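The listed protein sequences derive, respectively, from chains A and B.
In this text, residue positions in the first sequence follow this note's numbering: the first is 1, and each later residue adds one.
In this text, residue positions in the second sequence follow this note's numbering: the first is 1001, and each later residue adds one.
Calculated directly from the structure, the hints in this document are not laboratory data.
Please read all numbers here as calculations on a predicted model, not as lab measurements.
Check the hints yourself; a few may be wrong.
[To be verified] Cβ-Cβ distance ranges computed for the label pairs, FRET-style:
#1 A:E148 - B:K1052: 51 to 59 angstroms
#2 B:P1271 - A:E148: 30 to 38 angstroms
#3 B:Q1070 - A:G39: 50 to 58 angstroms
#4 B:E1082 - A:D180: 49 to 57 angstroms
#5 B:N1339 - A:T146: 51 to 59 angstroms
Think of the CB as a built atom: it goes at the ideal place given N, C-alpha and C, for glycine as much as any other residue.
Here are the chains, one letter per residue:
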Amino acid sequence: MSEITSVTGTGVPLLLDDIDTDRIIPARYLRCVTFDGLGENAFEDDRQQDPNHPFDNPVYRQGTVLVSGRNFGCGSSREHAPQALIRWGVKAVIAESFAEIFYGNCTSLGVPAVCASRADLEKLSNAIKADPNLEIRVDLEQCQVTYESESVPVTINESARNALMTGQYDFLAQLLDRKDKIQTRASEIPYMNQFAN
Amino acid sequence: MSDRRNLFNKVWDLHAIENLPSGQTQLFIGLQMLHEVTSPQAFEMLRDRNLKVMFPERTLATVDHIVPTQSVLRPFQDGLAEQMMSAIETNCKEFGITLFDLKDQRQGVVHVVGPEIGATQPGMTIVCGDSHTSTHGAFGAIALGIGTSQVAHVLATQTLALAKPRVRKVIVNGKMKPGVFAKDVTLYIIRKLGVQGGVGYAYEYAGEVFDNMSMEERMTVCNMSIEGGARCGYINPDQTTVDYIQGREQAPKGEEFDRAAKWWLSLASGPDAEFDDVVEYDAADIEPTVTWGINPGQSVGVNENLPQLADYSKDDQVGIQEAFDYMGLEAGQAIKGLNIDVAFIGSCTNGRISDLRQAAEIAKGRHVAENVKALVVPGSQQVLKQAVEEGLDKIFEAAGFEWRGAGCSMCLAMNPDKLVGNQISASSSNRNFKGRQGSPTGRTLLMSPAMVAAAAINGYVSDVREMLEPATV
């Protein structure tokens, strides 16, 4: 896996709270056996109901840094949600806070999800609206987001940061490394052993 | 010296293999459950890497989300659903996993089926690619919803890389009023703590209210832990838990059961167990509850009015106004009396036999209002069978409810059961998100199954207590 120390790109402003996974990808698009093509349906219903939705606005179409509010990604554990965002073009998300399963899914797919204060998110969001070509840099090394002459602090869970920066965010290889220990632990757990120990 | 660890920490420590370089823990998983929506891509990942399933006997699969509730004749009319059904059949066969397909009497919603067959047991770590896996915490298990990549991890290694959450004890003492159900308790807690109040936490539910609940009621509460942002929720195992498991298909038998029960009971948090946070509520404050907005934290007691914008901080007002606009409701208006178009009784939250019994008690001898489409969808084929044996299907049909086959149905509408246009649905399910029930503009009011039945009969949001037999009030 490639090491991810920063993401640089233009922004997509979506500063709303409690954006749930059903909004990110409505359930009817989950009728599939691969994640291919999910990008087209990201925020499908919101886009149809809001002619000004940023995902439908051509000026943000090249955007890779999504800016949102509190509790982003709440609801379902469906990995289809971050997969849809990735296929739409999102490479990093900056929000006030995230729902945990969504956050974990993002990390394991190599998408940094970082938290910033509401005031900083509002400033950033306004700056993107004023200039959709504004270059934004999400820097995991320094834990900051920079744009124009601004630099604002962001937080990221230390294990997620570590995993992204060392390129070890797909945990499967690490988990597979410990096959003997898995077997040993399994044999020590009462329900794996007729409750004999 | 007594063990001051709470149940969560005891179970976590038992399953922890080692710390990973990322700082997360590699945790052994006792049971993985699969369904057709979040598993096909995981099996594809195994194929890509030429991996096998490490413990196929610790894995079980069912079909639920896309299952039609009227005709299950194959191939399904929906080609995409048929493709998903074929995929899980092929995958389970190829990788040696037991699948409860549509012909199997154990088929049903994954979170109804696991407990029903005795696969869900205290002290286990349980995962599924579905956020409502938190349901299984009702047994004193660590039960987590996971993403599809993690489903692949567990298939290949029976382990997961996880950061350990903190544990918050949520105490509810006192006696529940008549007409107040487990669903009202969980909606009340989410309203109080907020939809992101649980982020970073596992919830231990404790106190008189949960001690007195049946296993079905405990499952309803734990099911919705995720709606409050908690990673999972659980209730300490007690004699109610042990009695529920005994005799079920996958439960330990004979002396093994006795050893198991002793171990299960030993896991419970002791009186001096330590927690990262404690909150306490009084059952007397909990009323039959109805959601009015677009997340499960936006609810009121049935006799309360909707909040005013000024009740919220400036930052929150944008979201609250969005909820009012989407729902077509106004600040300060009453929720009671609001007309409904559809009534849905079912889902992994409230599709169990006790839920159907409570709804049937209201439906008995009454009739669904004109213009209301009312559906009863049992959570599993076992629930369906039991309900038929008790004659509940006849009560519902006589009252004008449609009696359907088992599945997730109109909870998230991945099958043909959907809201149309901006219909308002009284629903016993778990999410009132925008578009959740299959129409991009459909509107959902969450409530208990008895409250759904009451709304179906009257045609508007009602206080179920006015329809209970006097003897029970």
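Structure-based check of all given hints:
1. A:E148 - B:K1052: 51 to 59 angstroms: Holds, since E148 of chain A and K1052 of chain B (Cβ atoms, about 52 angstroms apart) stay within the stated range.
2. B:P1271 - A:E148: 30 to 38 angstroms: Since the Cβ atoms of P1271 of chain B and E148 of chain A sit about 58 angstroms apart, the hinted range of 30 to 38 angstroms is violated.
3. B:Q1070 - A:G39: 50 to 58 angstroms: violated (33 angstroms)
4. B:E1082 - A:D180: 49 to 57 angstroms: The hint (49 to 57 angstroms, Cβ to Cβ) is violated, given that E1082 of chain B and D180 of chain A are roughly 42 angstroms apart.
5. B:N1339 - A:T146: 51 to 59 angstroms: holds (53 angstroms)
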